[in-house]
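A.B. asks: Go by the hints and put chain F onto chain Z.
Below are the chains, spelled out letter by letter.
There are 2 protein chains.
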Amino acid sequence: MSFSFQIIGKDTSSFARLGEMTTAHGTVNTPAFMPVGTQGTVKSLLPEEIRKCGVQIILGNTYHLYLRPGHETIKKLGGLHRFMNWSYPILTDSGGFQVYSLAQLRKILPGGVMFRSHIDGSEHFLTPQKAIEVQEALDADIMMCLDDCTPYPATHDETQKSLELTLKWANLCLEAKNNSHQALFGIIQGGAYPDLRKLAARETVKLGFNGYALGGLSVGEPKILMQEITKSIAPELPADKPRYLMGVGTPEDIVFAVSCGADLFDCVIPTRSARHGLLFTNEEKIVIKNARWRESDIPLDETCDCYTCKNFSRAYLRHLYVAGEILAMILNTIHNVRYYERLMERIREALKEKRFSQFKNEFLTNKGGN
Amino acid sequence: MSFSFQIIGKDTSSFARLGEMTTAHGTVNTPAFMPVGTQGTVKSLLPEEIRKCGVQIILGNTYHLYLRPGHETIKKLGGLHRFMNWSYPILTDSGGFQVYSLAQLRKILPGGVMFRSHIDGSEHFLTPQKAIEVQEALDADIMMCLDDCTPYPATHDETQKSLELTLKWANLCLEAKNNSHQALFGIIQGGAYPDLRKLAARETVKLGFNGYALGGLSVGEPKILMQEITKSIAPELPADKPRYLMGVGTPEDIVFAVSCGADLFDCVIPTRSARHGLLFTNEEKIVIKNARWRESDIPLDETCDCYTCKNFSRAYLRHLYVAGEILAMILNTIHNVRYYERLMERIREALKEKRFSQFKNEFLTNKGGN
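Going line by line, the protein sequences match chains Z and F. Residue 370 is where the first sequence ends in the working numbering, and the numbering goes up by one at each step. Residue 1370 is where the second sequence ends in the working numbering, and the numbering goes up by one at each step.
These are calculated hints, taken from the structure and not from any lab test. Some clues are possibly wrong.
[What the hints assert, rightly or not] Calculated cross-link-like contacts (lysine-lysine; reagent style DSS-like; alpha-carbon spacing at most 27 Å):
#1 Z:Lys76 x Z:Lys161
#2 F:Lys1177 x F:Lys1075
#3 F:Lys1043 x Z:Lys289
#4 Z:Lys310 x F:Lys1043
#5 F:Lys1285 x F:Lys1010
#6 F:Lys1010 x Z:Lys310
#7 Z:Lys43 x F:Lys1043
#8 Z:Lys10 x Z:Lys206
#9 F:Lys1289 x Z:Lys75
#10 Z:Lys43 x F:Lys1289
#11 F:Lys1076 x Z:Lys285
#12 F:Lys1231 x F:Lys1010
#13 F:Lys1310 x F:Lys1285
#14 Z:Lys10 x Z:Lys177
#15 Z:Lys289 x F:Lys1076
#16 Z:Lys107 x Z:Lys161
#17 Z:Lys52 x F:Lys1310
#18 F:Lys1241 x F:Lys1223
#19 F:Lys1052 x Z:Lys52
#20 Z:Lys310 x F:Lys1076
#21 F:Lys1052 x Z:Lys310
#22 Z:Lys241 x Z:Lys231
#23 Z:Lys76 x F:Lys1043
#24 F:Lys1352 x F:Lys1231
#25 Z:Lys289 x F:Lys1075
#26 Z:Lys76 x F:Lys1285
#27 F:Lys1052 x Z:Lys76
#28 Z:Lys177 x Z:Lys231
#29 F:Lys1310 x Z:Lys43
#30 Z:Lys43 x F:Lys1241
#31 F:Lys1310 x Z:Lys75
[Unchecked claim] Here are some chain F residues pointing at chain Z (derived, C-beta under 7 Å):
#32 Lys1043
#33 Pro1069
#34 Thr1073
#35 Lys1076
#36 Leu1077
#37 Tyr1316
#38 His1319
#39 Glu1325
#40 Leu1327
All of these numbers come straight from a predicted model, not from anything done at the bench. The C-beta atom is built at its ideal place from N, Cα and C for all residues, glycine as well.
Chain Z extracted, bound-state conformation:
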C-alpha cells in the first residue's frame, strides 16, 4: 500500500482538521499521537496492550536501534514490525535528535554527524544516506530526514547555517530513498526566527515530501515561542500533506497545536511520567505516591476505560509504586497512554461533530485536568 493522506473534515474557526493517513501497515486517523518505542518497545507494554490503549501508530528511535541491536540484525529478522510484533504503522525518527541529546563527542560535518555511542563509546558517522539506509532496513512506514537540530538559544547566523545544512541533507535523503512503500517526511528547522522558519518551510516543501514536520521544538525555548512557531504550521505548509509536530507535548500543547493545523504528535511524557508515578486524569494530575491515596478505593479516573482504571484502586497503584513493583510501571503506563489516546479520540470526535473550538476552549480553560 502506498502512502496517502486525505482530509475528511475541517474546523471552521481554526486550522484544525480531521484526516486519514494511509501507510503500508494500515490507516491512522488524525490528529494522532504516537507513543515512543525507543528500543523496539513502548516501555513496559506488551504490543497487544499498546493496541488495546487505542494506539494506531508508534515511533521508533533510529539512533537506539542502529546502535543496538543494529539495523542489519533487525532487517535479517524481518524488519522492526516483525521484530517487536507490532503489525501497525511505525514512524522512525532520523537519529539526529538523539545524537544531539544523547551521544558523546558529537561533531557536525558537512556530510553528516560524527558521534560516539552512549552505550560503548564506539565511533559512528551518521549521514543522510545512512539515516535512510537504517530506516529502510527497519522498514518504517514513515521515515524522517536527517536534520541538524538547532539548539536554543542560537544566533540568527548560527540558525541559518544549521538550517542550510538541514536543507542540504533533506535533499540527500530524498535522493537516497529506494522503497516506494515507505513515506519520507521533511523537517522544518529555523529555530526561533520566523523569517528562517518561513525560508525552511518554503525550501523543504519545494523538495517535495510525503509530509512535513516542525523540528527543533521542546529544546528549552519558552512556551510562548513554541506556540508562535506552532502557529506557522498552517500558513507555511501545504494543506494536503500531514503535519507532524515533533516531540510535543503536554495535553494542552497538543490541543493548541491541533487548532494550528498539526496532525501528528509524539512525546515521552505519557510513558515517562507513568514510570515516575505521575498520572493524567480528567480532573487533575495525580501523584500516585501521595499518602492521600493510601486507602482510596476509587480508580484513577472514573471516566477512563483502560485496564488499570477498570480493575484497580488508587490505593493498590500507590502500594505498587511505593513498593517499587514493576507492575506499577505497567499499570501506570497503560493508563497514561490510554489517556493520551482518549484525548486524541475526543479531539477527533469534536472535529467530526463540528464543536472543536468549544472543546478546545473548555479543555484549555479547565486545563482538562492538567
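C.D. replies: What follows is chain F alone, placed relative to chain Z:
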C-alpha cells in the same frame, strides 16, 4: 464454599496422586504450583496474564503485606483478592519464614517473634494470633500456621526446641482462627532429623488441620537431605489431606516430590530466574543474554504455547534483556511461569493416563531440559 480435598487418581508405582482442592475462590487441580506474589503482585505480570499462564493459585507473603500496605488497609479495601484483582485461590504464608530471612534484629520469644522491619526499622511482634489475624484480614483461602523455621545446620537439641515452639504455636493458631471459609495448614518442622520430623508430623496431625506442609526446606541443606525429608511425606502424613512442600523448587525437585506424594509447591525460581534472563525450556536452560541468540529467529521453546513463545524471537528477547527493558522481565516471566504450569499439567496428564512413573523417569533422565 468450604475447603475440601479429593483424591481422584493414584499412581501405582509411587506415592503420586491426582487431586482436586476446593477453596472459597475455586478449585485447584493438584499437583499444583503456586507462583509467588510477594507484595500483592506476581512480579511483572497482570492478573489476566497470570491466569493465561494456567495459574490456579498464587502465594502471598504475609510479612510483606503486613508491613506494607498493612493488612488492615487491605481488609478495608475488600481483602487481598479484590485489592490485587485476582479472583482465584490465594495461599498466604505465616510471615515466619520472611522474618527469618529478611527482618532485622529478630528475637524469638515463647509468645512470638520480635523483629524490625527491613523497610523502615520499625519494631513488630509477630505472634501466632497475629499471624492468623493478618491472614484473616487478607482473606487468604489457605492460611499457614506461624512456625519457627529451624536453620540448617542445627543440633538435635536446638531442632527439638524449635519444633516444640512450632507445635505450641500451631495449637495457638488453630485456637485463634475464626473464619470457617478459610483453610489452615499446619507446618511440619524437625530439621534434618528423621526422628524429629516423625514426631513433628505425628503431633501436628493430632491437632487436625486442613492440610500439612513440610517446612524448613531449601534453607541450605544438601539436596540429598531434602530428598530424604521429602520421602517422609507419604508415610507420615494423612493420605486424605493436601501436602504442601514449601519453597520447592526446581522442575526436577517438583517431579521427584510429586512421586513422594506432594500436592502443592511454591517457589520464586520461575519468576526470579526470568528477571535474571534465565529461561526454562524442554531442551535446555537458556541464558538469554548469550551472544549466540543475537540473530536467532526461533522462539524460546517451539513446544511452548505462551504469549512470549508465540510472538517473539530469541533475538528480540535478548535485545530487550541487554537493553535493560522492562518488557524483558515481563516476557521472560510469562514464559517461565507458563513453563512451570505446563510442567504441572504434564504431571497431571501423566497421572491421569497412568504413565507417571514413565514420565518421571524420562524427565529426570533427560533432565527435562533442565
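A.B. asks: Taking the hints in turn, state whether each one holds.
C.D. replies: Going down the list of hints, with the structure as the test:
1. Z:Lys76 x Z:Lys161: Outside the cut-off at roughly 38 Å; violated.
2. F:Lys1177 x F:Lys1075: holds, 16 Å
3. F:Lys1043 x Z:Lys289: OK: Lys1043 of chain F and Lys289 of chain Z at ~19 Å, within 27 Å.
4. Z:Lys310 x F:Lys1043: Distance ~20 Å between Lys310 of chain Z and Lys1043 of chain F Cα, so the pair holds.
5. F:Lys1285 x F:Lys1010: Judged against 27 Å, a Cα distance of about 31 Å means the pair is violated.
6. F:Lys1010 x Z:Lys310: Distance of about 43 Å is beyond 27 Å: violated.
7. Z:Lys43 x F:Lys1043: With a Cα-Cα distance of about 16 Å, the restraint between Lys43 of chain Z and Lys1043 of chain F holds, given a limit of 27 Å.
8. Z:Lys10 x Z:Lys206: Given pair Lys10 of chain Z, Lys206 of chain Z holds - Cα atoms ~25 Å apart, limit 27 Å.
9. F:Lys1289 x Z:Lys75: Given that 27 Å is the threshold and the Cα spacing comes to 20 Å, the pair holds.
10. Z:Lys43 x F:Lys1289: Holds. Lys43 of chain Z to Lys1289 of chain F sits at ~19 Å (cutoff 27 Å).
11. F:Lys1076 x Z:Lys285: Judged against 27 Å, a Cα distance of about 25 Å means the pair holds.
12. F:Lys1231 x F:Lys1010: Holds - the C-alpha atoms of Lys1010 of chain F and Lys1231 of chain F are around 17 Å apart, at most 27 Å.
13. F:Lys1310 x F:Lys1285: holds, 18 Å
14. Z:Lys10 x Z:Lys177: violated, 32 Å
15. Z:Lys289 x F:Lys1076: Holds, at about 19 Å.
16. Z:Lys107 x Z:Lys161: Holds: Lys107 of chain Z and Lys161 of chain Z sit about 15 Å apart, inside 27 Å.
17. Z:Lys52 x F:Lys1310: holds, 19 Å
18. F:Lys1241 x F:Lys1223: holds, 26 Å
19. F:Lys1052 x Z:Lys52: holds, 17 Å
20. Z:Lys310 x F:Lys1076: Holds - the C-alpha atoms of Lys1076 of chain F and Lys310 of chain Z are around 19 Å apart, at most 27 Å.
21. F:Lys1052 x Z:Lys310: Satisfied, since the Cα-Cα distance of roughly 19 Å is no more than 27 Å.
22. Z:Lys241 x Z:Lys231: holds, 16 Å
23. Z:Lys76 x F:Lys1043: violated, 33 Å
24. F:Lys1352 x F:Lys1231: Given that 27 Å is the threshold and the Cα spacing comes to 22 Å, the pair holds.
25. Z:Lys289 x F:Lys1075: Measuring from Cα to Cα gives roughly 20 Å; hence the hint holds.
26. Z:Lys76 x F:Lys1285: OK: Lys76 of chain Z and Lys1285 of chain F at ~25 Å, within 27 Å.
27. F:Lys1052 x Z:Lys76: Violated. Lys1052 of chain F to Lys76 of chain Z sits at ~31 Å, over the 27 Å cutoff.
28. Z:Lys177 x Z:Lys231: Distance of about 30 Å is beyond 27 Å: violated.
29. F:Lys1310 x Z:Lys43: holds, 20 Å
30. Z:Lys43 x F:Lys1241: Distance ~45 Å between Lys43 of chain Z and Lys1241 of chain F Cα, so the pair is violated.
31. F:Lys1310 x Z:Lys75: With Cα atoms ~20 Å apart, Lys1310 of chain F and Lys75 of chain Z stay inside 27 Å; holds.
32. Lys1043: Holds: closest Cβ of chain Z sits about 6 Å from Lys1043 of chain F, inside 7 Å.
33. Pro1069: holds, 4 Å
34. Thr1073: holds, 6 Å
35. Lys1076: Hint on Lys1076 of chain F: holds, closest Cβ of chain Z at ~6 Å, below 7 Å.
36. Leu1077: holds, 6 Å
37. Tyr1316: holds, 6 Å
38. His1319: Nearest chain Z Cβ about 4 Å off; hint holds.
39. Glu1325: holds, 5 Å
40. Leu1327: holds, 4 Å
Checked against the numbered hints above, the structure breaks hints 1, 5, 6, 14, 23, 27, 28, 30 and satisfies the rest.
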